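**Q** Residues per chain are reported as follows:
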Amino acid sequence: MRATLAIAQREIGAAFSSPSTYAVATISLLLFGLFFALDLEGRRQADLQGFFRSSWLFVFLIPPLTMRLLAEEQRLGTIELLLTAPVRDLEVVLGKFLGSLGVFAAILSPTLGYFLLISAFGDPEPWPIVTGYVGFLLLGAACLALGLLTSALTSSQVVAAISSFALLLVFWLSPIFNQLFRGDIGRFFSYLSLPDHYQELVFGVLDAGDIVYYVSLVAVALFLATRALEMRRWR
Amino acid sequence: MQRIFLSLLRGFAGALTVLGLVVVFAAGALALLAPETRGIAYAVAGVGLLLLLAALMGAIESVRGFLLGRQGRYGANTIVMVVAFVGIAVLANLLVSRQNYRIDLTENQSRTLAPQTVELLRKLSQPVQATAFVTPDFPFEDGRRLLALYGRESSFFAYDMVDPEKDPSLVLAGVQSGTVVFQSGERQSLVFTATEQEFTSALIKVTSTSQPLVSFLTGHGERDIQESGPNGYSTLNRGLTQENYQVSALNLLSAAEVPEGTGALVIAGPTKAPLPSEALAVANYLQGGGKVLMLVDPETSPEWLELFQPWGIEILPGKVFDAGYYLNPDQGTPAILPDQYPFSPITRDLSAATFFPAAVAFATPTQADGTMTVTPLLRTSAQSWRQTSPEQTTLDQTPAEQRGPLLIGVTVEAGADATQDEAPARRTRLVVVGDSDFATNQFVTAYGNGDLILNSVNWLAQQEELIGIRPTPSSDQAIFLTAQGSRWVLFATLLVLPLLPALVGVSLRWRRR
Numbered sequence: 022m023r024a025t026l027a028i029a030q031r032e033i034g035a036a037f038s039s040p041s042t043y044a045v046a047t048i049s050l051l052l053f054g055l056f057f058a059l060d061l062e063g064r065r066q067a068d069l070q071g072f073f074r075s076s077w078l079f080v081f082l083i084p085p086l087t088m089r090l091l092a093e094e095q096r097l098g099t100i101e102l103l104l105t106a107p108v109r110d111l112e113v114v115l116g117k118f119l120g121s122l123g124v125f126a127a128i129l130s131p132t133l134g135y136f137l138l139i140s141a142f143g144d145p146e147p148w149p150i151v152t153g154y155v156g157f158l159l160l161g162a163a164c165l166a167l168g169l170l171t172s173a174l175t176s177s178q179v180v181a182a183i184s185s186f187a188l189l190l191v192f193w194l195s196p197i198f199n200q201l202f203r204g205d206i207g208r209f210f211s212y213l214s215l216p217d218h219y220q221e222l223v224f225g226v227l228d229a230g231d232i233v234y235y236v237s238l239v240a241v242a243l244f245l246a247t248r249a250l251e252m253r254r255w256r
Numbered sequence: 002m003q004r005i006f007l008s009l010l011r012g013f014a015g016a017l018t019v020l021g022l023v024v025v026f027a028a029g030a031l032a033l034l035a036p037e038t039r040g041i042a043y044a045v046a047g048v049g050l051l052l053l054l055a056a057l058m059g060a061i062e063s064v065r066g067f068l069l070g071r072q073g074r075y076g077a078n079t080i081v082m083v084v085a086f087v088g089i090a091v092l093a094n095l096l097v098s099r100q101n102y103r104i105d106l107t108e109n110q111s112r113t114l115a116p117q118t119v120e121l122l123r124k125l126s127q128p129v130q131a132t133a134f135v136t137p138d139f140p141f142e143d144g145r146r147l148l149a150l151y152g153r154e155s156s157f158f159a160y161d162m163v164d165p166e167k168d169p170s171l172v173l174a175g176v177q178s179g180t181v182v183f184q185s186g187e188r189q190s191l192v193f194t195a196t197e198q199e200f201t202s203a204l205i206k207v208t209s210t211s212q213p214l215v216s217f218l219t220g221h222g223e224r225d226i227q228e229s230g231p232n233g234y235s236t237l238n239r240g241l242t243q244e245n246y247q248v249s250a251l252n253l254l255s256a257a258e259v260p261e262g263t264g265a266l267v268i269a270g271p272t273k274a275p276l277p278s279e280a281l282a283v284a285n286y287l288q289g290g291g292k293v294l295m296l297v298d299p300e301t302s303p304e305w306l307e308l309f310q311p312w313g314i315e316i317l318p319g320k321v322f323d324a325g326y327y328l329n330p331d332q333g334t335p336a337i338l339p340d341q342y343p344f345s346p347i348t349r350d351l352s353a354a355t356f357f358p359a360a361v362a363f364a365t366p367t368q369a370d371g372t373m374t375v376t377p378l379l380r381t382s383a384q385s386w387r388q389t390s391p392e393q394t395t396l397d398q399t400p401a402e403q404r405g406p407l408l409i410g411v412t413v414e415a416g417a418d419a420t421q422d423e424a425p426a427r428r429t430r431l432v433v434v435g436d437s438d439f440a441t442n443q444f445v446t447a448y449g450n451g452d453l454i455l456n457s458v459n460w461l462a463q464q465e466e467l468i469g470i471r472p473t474p475s476s477d478q479a480i481f482l483t484a485q486g487s488r489w490v491l492f493a494t495l496l497v498l499p500l501l502p503a504l505v506g507v508s509l510r511w512r513r514r
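Here the protein sequences line up with chains D and G, keeping their order.
Going by this note's numbering, the first sequence opens with residue 22, and the numbers climb by one from there.
Going by this note's numbering, the second sequence opens with residue 2, and the numbers climb by one from there.
If you are wondering where the hints come from, they were derived from the structure by calculation, not from laboratory data.
For clarity, every value in this text was computed on a predicted model and none was experimentally measured.
Beta carbons are placed, not taken as given, at the ideal position from N, Cα and C, and that holds for glycine.
Not one of these hints is a red herring.
Per label pair, the in silico range of CB-to-CB distance:
hint, chain 1, residue 1, chain 2, residue 2, range
1, G, 26, D, 34, 39 to 49 Å
2, D, 64, G, 196, 17 to 27 Å
3, D, 64, G, 209, 34 to 44 Å
4, G, 243, D, 52, 40 to 50 Å
5, D, 98, G, 7, 38 to 48 Å
6, D, 127, G, 486, 26 to 36 Å
7, D, 31, G, 508, 18 to 28 Å
8, D, 187, G, 510, 27 to 37 Å
9, G, 443, D, 187, 50 to 60 Å
With a Cα cut of at most 20 Å, we get these calculated SDA-like pairs of lysine to any residue:
hint, chain 1, residue 1, chain 2, residue 2
10, G, 167, G, 30
11, G, 124, G, 113
12, G, 206, G, 123
13, G, 320, G, 359
14, G, 167, D, 211
15, G, 320, G, 331
16, G, 206, G, 159
17, G, 167, D, 196
18, G, 167, D, 198
19, G, 206, G, 115
20, G, 320, G, 395
21, G, 167, D, 195
22, G, 167, D, 194
23, G, 167, D, 210
24, G, 206, G, 248
25, G, 273, G, 318
26, G, 124, G, 199
27, G, 320, G, 330
28, G, 167, D, 207
29, G, 273, G, 250
30, G, 273, G, 299
31, G, 167, D, 206
Next comes chain G alone, as it looks inside the complex:
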């Protein structure tokens, strides 16, 4: 019986082999195309393996002869060498791909993560998962590249790519292609634009242990954070929210004092005087280690300016004009170029110019006592002046004491031991800028204006790691191509260069004849 069975197997060994391979392949295809039937696929694969085993039993003599013969030995040796070589190649790739050995040779390092992002990733101490929902045809090269770079910097950062159209639950939830979800623990943040700025903001939002409060004072004609018109501050509001701040309006009439836990208080261009109780509340807040951003305009009432005199701030009369650097064509909108910024953590990484419509200047700071550090922040050019009367339309018509360079931005830092390494939260920080228009909706997105005010808030709230995380623009290499130039390009690329090898080939053939 056994002999008959074995001879049957011997006779059908070829057919059993083919059938077994087809069945195993079909099982693999089933598992791939219908993952929910994986159990059945395994069973089918098992059947295929049994068929192959039966084929092996039938052809055991031939197989033994092959394996023990010369071809078998060489074949086995080759298989071992191939597996070893491929294994070494795979290992080399695994080892190198996990490291970050790269050199960015672009002019402005546009393909490298910002130092602040790198620092943030290296400080990660909790797992963060980023899931990118992208369909195969969705352009997501930048996103993929960024996620890979983030993953290289931190072993706590993992990412995955999912096709939202393949999962019915995602389709029902309305998840759009291009959405990236950052998750850490219970916290989640959605990103719709694949930029480093957005990714890092999301990373901060899901890992930050706190959401600092930025309060905008109201009730005295200040800029409105809800207003979306040209003079409103709604764009700044959105920018701060993206930087993981909680933004709210504060009315000191209803709240007797600046709330505990306020990361920064912004007083943006008040036109009416504060009540004594309000002034006292702000003064007490400052004395107690508060953080204030004061934006002053020519219309700002003097009572506000008196609040900051104890901190070495003295506003000078007149509006600032600058014939050296200004927003063309208005010399009454002085501009400050990147190489003009005095050294400050706020402007340290600011690589764009800023401009200030209708600015006022401050007197050279005098340090009230040794516990306070007053630092220039923004300074106009030597061709600037303070206009205190309508006749002073040029530098030459202005008295020398009103000429530039003029200080239009100042920072103050003070505490019991301001020069020692005291816990930052107890030290007073003050940023005073002689203009509030630069941060309005119509100007805040221009040049470096937005960065300046966000950096100022970050410095006040001690969010230094956020300073400078802004998109690095690729260097602009625009060319000017005339119609004649276009013709030359087409002539060279479509005629001259392709004909070169053709001509060489023809001439060689001709010479051979």
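Chain D on its own, in the form it takes in the complex:
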């Protein structure tokens, strides 16, 4: 566990030393702010629906955060150092994941200002906002885990970013397959949809099925990333 936290800490430090992180943060907050402001002007409701519904931006914003996590280590050759250190592959993957999650949460933290704004002009219901943020973090964690997986599979950051984008797009648009396949197969593809499990959380409902979905997706993605790292040992 100590190794995991050390790697996470190093990852956060490295991310905040990189100009690209600040660029992603600035663009993210600008886009989130735009959707929040437009929704507030339009619906005039004291809630964060407009902000929460802009989660589709993750498809574009997460790949730059995750592309370098493992791909860069492989490109620079430092991955061998990491893999020969007295650190398990799982600890490396978990550390990288927690580090990226920390960076993601830090980027999101200024959005708490939106809650202050709507509180100044109205009387928002607090619980849907709390569950909305829980959903935002779970969704973000799932996207980060998928991005980490693609980063583990290649030594090229560009390939990792594009693959991550494509993978997130597939998960985001999976309900389309419900139109191609009827019955149980169609419902399976619909179930894979990343945003579908987020809808109830945004409206103030904690559903065990949604939470299990995100947690299991993160677990599977991290497991596969760990196996991908392990493959280097016996390739």
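The hints should help you fit chain G onto chain D, whose structure is shown.
**A** Chain G alone, transformed into the frame defined by chain D:
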């Protein structure tokens, strides 16, 4: 010959592998895009598999070396672990998604099914299939969510989503996107608005074993259920039909008695007196365990009022005014707030106010004998009064005996053993309200007026499970945003917050230099 064949396969193993994969992929695409050619697709897939098998035969030595070598063993081990892990994740999701472990943290539980819907679904004992015809671009999030929630509550409820534009027969039949068809056995009900109210009504219609009859008495100036003008009852007619009632007009001149099987008889604001034979028919119906909703106005003829005196109902003279709660600005339209309703199954779940233009009041009920239960239903505030002369325009100008609170709605339940658990169908039920205007087209959709009259009919007809299935409104969180406020919002969200990380990044870079 065999050696030559094998050496040919060895030489072309790579090309055969690629060709085999392409053919299998093409077969899959064919099956997907043209389901009617599935037979051909299977044949093509078979050819592809044969090509792959031939490639395998040609490269058998390499494959054997790989599988038995270190990489092969690790690879096989990894595949097994991945399949097992993914299998466990899928199983966990399957198990949890079939349960209904959810907590609705919204203020008015707006994301949770009404208790009546849940009860209805849990009592389902026959399969119900709901098919939603929606195109990919049709906004159907609420419908999808509701169908999923319904499916979780009952294993007898199944649903499916179909794109109507993909099936020519549906296009020809004119099936529009957004239509949901509920089917159980031979019965079918179409829903065009994806709300819980509509879905549950459809569910009741396709599973109910009966369609109770609600008869509206005619011939004495009663409200007309076909009239769509402001004073008509056509909206109420539609509402009752949606609640799975069969609605009809009843003229006691042509029918000597109230028909057998009448779920409820509604007498809505009659202005002319009944004939003796008609009064007798209604009295006999009540005595025999009938269910009557009587809506009384100041103009209602006294003969009708005499019919209900044996049931403990006595109309008091004068029109009701209320200076405490009324439909602004008219104090002659008293209103009753949700926390003022006396306890009654009719108003138990009524969370909206009701109002009554030109109401009359009843005397405090006296129970004629121990077999009858008379219960107050609607009571005005203490600032109300009965106006019996034009000078009584305020509470102070009214004698004390005419002051409120005043009873303007009463329920009566009676039977041979009214306090014991007798079969409900034999017990008389009576609802008397001192106004018929509140249920007219112009007022029935306002506040809780519609719910009150529908709940009354449901109680009379023993359709208690329908009481309270009304759409739960989301809590209104409207904000008042001035032009200045809008500017602050834009300033904060588009300038201040996005600049924060930029400033931090720039300052860190500056310090590093």
